[in-house]
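K.L.:
Here is what each chain is made of, one letter per residue.
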Amino acid sequence: MDQKDLLLLRLLEENSRLSPEELGVMAELSPDEVTRRVAALEEEKIIRSYTTVIDWDRAANGGVAAIIELKVNPERDYGYDRIAERIAKYREVRSLRLITGVYDFQLTVTGKTMHEVARFVSEYIAPMDRIRETATHIIMKTYKENGQAFCEKEAGERIPYSL
Amino acid sequence: MRDYVSTRARVIPPSGIRKFFDLALSMEGVISLGVGEPDFPTPWNLCEASIYSIEQGGTSYTSNRGIQKLREMLAVWLHQHYQLSYDPDDEMIITTGVSEGLDIAIRAVTDPGDEVIIAEPCYVSYGPCVTLAGGIPIPVQCREKYQFRLHPDDLMEAVTARTKALIINFPNNPTGAVMRKEHLSAVADIVTDHDLLLISDEVYSELTYTGSHVSPATLDGMWDRTITLNGFSKAYAMTGWRIGYLCAPKEICDAALKIHQYVMLCAPVMGQVAALEAIRRGEDEKDRMVQEFRVRRNLFIEGLNRIGLTCHMPEGAFYAFPSVEKTGLSDLEFAEQLLREEQVAVVPGSVLGKGGADHCRCAYAVSRKDLAEALRRMEHFIAGIPG
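Here the protein sequences line up with chains A and B, keeping their order. Residues in the first sequence are numbered consecutively from 26, following our numbering. Residues in the second sequence are numbered consecutively from 230, following our numbering.
Here chain A stands alone, though its shape is the one from the complex (with noise of 0.2 Å):
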């Protein structure tokens, strides 16, 4: 991992659709070690998959999201690995997290309707061992995801030559 890796990562996670030749340029390799580069990143799990930033709200599609916070009681010679590993297999579960704070875990999950997300989290989740407490958080409007601002407004006026 050196500051050429660092750069790719940073050039793919903005766009992962960026060629190796087009890489190449930017960060001054040659396609093939590019190739090389991008392929070892991914054989150390480092690069997890390449994936689309989508603003759902635009796409109006109607889905719900929520953030749900829990508190676990941690299990003896696990800690929270094991419970967190039954909680990621649920697909309705997109993110999970172990927080500091007066919560353990935070997830987001999605659902269709409100009522599909409630009864995921009061069915799925809260019965099951070691979930003390919950807290479900609907999500109302996303200003930024992945380091993408969806409420950019124009920037200011430029004027068209400087010297």
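Just so you know, these hints were derived from the structure itself, not from any lab. The structure displayed is predicted, hence computed values, not measured ones. Fair warning: there could be bad hints in the mix.
To be verified - Using 25 Å as the maximum straight-line C-alpha spacing, the simulated BS3-like pairs for lysine-lysine come out as follows:
1) A:K70 x A:K96
2) B:K598 x B:K374
3) A:K70 x A:K114
4) B:K598 x A:K169
5) A:K70 x A:K29
6) B:K487 x B:K298
7) B:K598 x A:K29
8) A:K29 x B:K515
9) B:K479 x B:K515
10) B:K393 x B:K410
11) A:K96 x A:K114
12) B:K515 x A:K169
Based on these hints, arrange chain B on the given structure of chain A.
P.N.:
Okay, now just chain B, sitting in the frame of chain A:
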């Protein structure tokens, strides 16, 4: 009625791109590669620091030299980054952009009739500032065959008994050229041998892509005879805040300070507060922007050469300076027709001084998407040139 305009004001040339400016403003969908400023907004923590300071009532004059804390931290920063040693109390002035620093530096050292050599092509204000100070600007060309660096032989030819100072700007606007240590040393020898003063505009210093920036004042025997000018505009995307600085030995700094006191009083306090935040916590954002400029440089230079506009690889700043000679058009024709036909704004090199002709300055401080579109339009334009 008398003609009230002074001879000095009359003789300085108007901007060479006024008509382009008006033309571009009257058009829709222009991609401008003509602006010498980062397209990024000022990093938000810098803005926030300034806003908070205004809310706390920080709206008054500062000391003439600038906020003490800013100068102290800047002195440390300059030493850490460029091994420059300047006393924040006696050898430093916070100026209203490098533009003001340049003006007061020139006025502080120029007597009527003094010749001031200017390494060209360059930023357009050097010559007029010398003229306004009563001096005589003497252009010396930085040739393409030397990667637009100032060659000692060319400099020697320009030196006379009346030469007082030399003005250089590396990394360079408009060529992106960088003078490495060995190149600067050769120039420094001439400066020292002829007892000249060096005015070094280093506003693009943080945008150095090959090696590290070398500040001429750190070379043997040069500190005593160098005025170092720098600022926050380019590296921290702070053009509108107008904050630069002048560093020089006490005697010169005192003289410049007198002029600064009378004409400017102090640099804007809001900008100084933002600059202080830039020094304290601006490094990561700056590095991110510099890395992005480098990526764009690589893409754009490759693109220019691919479409047939020969361009050397600039080692600094955010300008490409391709030759348009092969198109059969002069740089002025090229720039005007490209704007009219394809709505891409570039600066014709001949307005930027000696050695600028047959070239155009393209600032790659626009998004990668716009750069790609500009290249597409330029390629289309070149294909349509008869002959």
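K.L.:
Run every hint past the structure and note whether it holds.
P.N.:
Consistency of the hints with the structure:
1. With a CA separation close to 29 Å, the supplied pair K70 (chain A) and K96 (chain A) exceeds the 25 Å bound.
2. Restraint check for K598 (chain B) and K374 (chain B): the C-alpha separation of about 32 Å exceeds 25 Å, so the hint is violated.
3. Our distance criterion of 25 Å between C-alpha atoms is met by K70 (chain A) and K114 (chain A), whose separation comes to about 19 Å.
4. A threshold of 25 Å between alpha carbons decides the hint, and for K598 (chain B) with K169 (chain A) the separation of about 21 Å falls inside it, so the pair holds.
5. Distance restraint check for K70 (chain A) and K29 (chain A): the Cα-Cα separation of roughly 17 Å lies within the 25 Å cut-off, and the hinted pair is therefore satisfied.
6. Note on K487 (chain B) and K298 (chain B): the hinted pairing holds, with a Cα-Cα distance of about 21 Å set against a maximum of 25 Å.
7. Taken as a hint, the K598 (chain B) and K29 (chain A) pair is honoured in the structure, with Cα atoms around 22 Å apart against an allowance of 25 Å.
8. Of the pairs offered as hints, the one joining K29 (chain A) and K515 (chain B) holds, with about 18 Å between alpha carbons and a cut-off of 25 Å not exceeded.
9. About 31 Å separates the Cα atoms of K479 (chain B) and K515 (chain B), which puts this hinted pair outside 25 Å; it is violated.
10. Proposed proximity of K393 (chain B) and K410 (chain B) is supported: the alpha carbons are some 23 Å apart, at most 25 Å.
11. A distance of roughly 18 Å separates the Cα atoms of K96 (chain A) and K114 (chain A); the hinted pair therefore holds under the 25 Å criterion.
12. Taking the CA atoms of K515 (chain B) and K169 (chain A), the gap is near 22 Å; set against the 25 Å cutoff, the hint holds.
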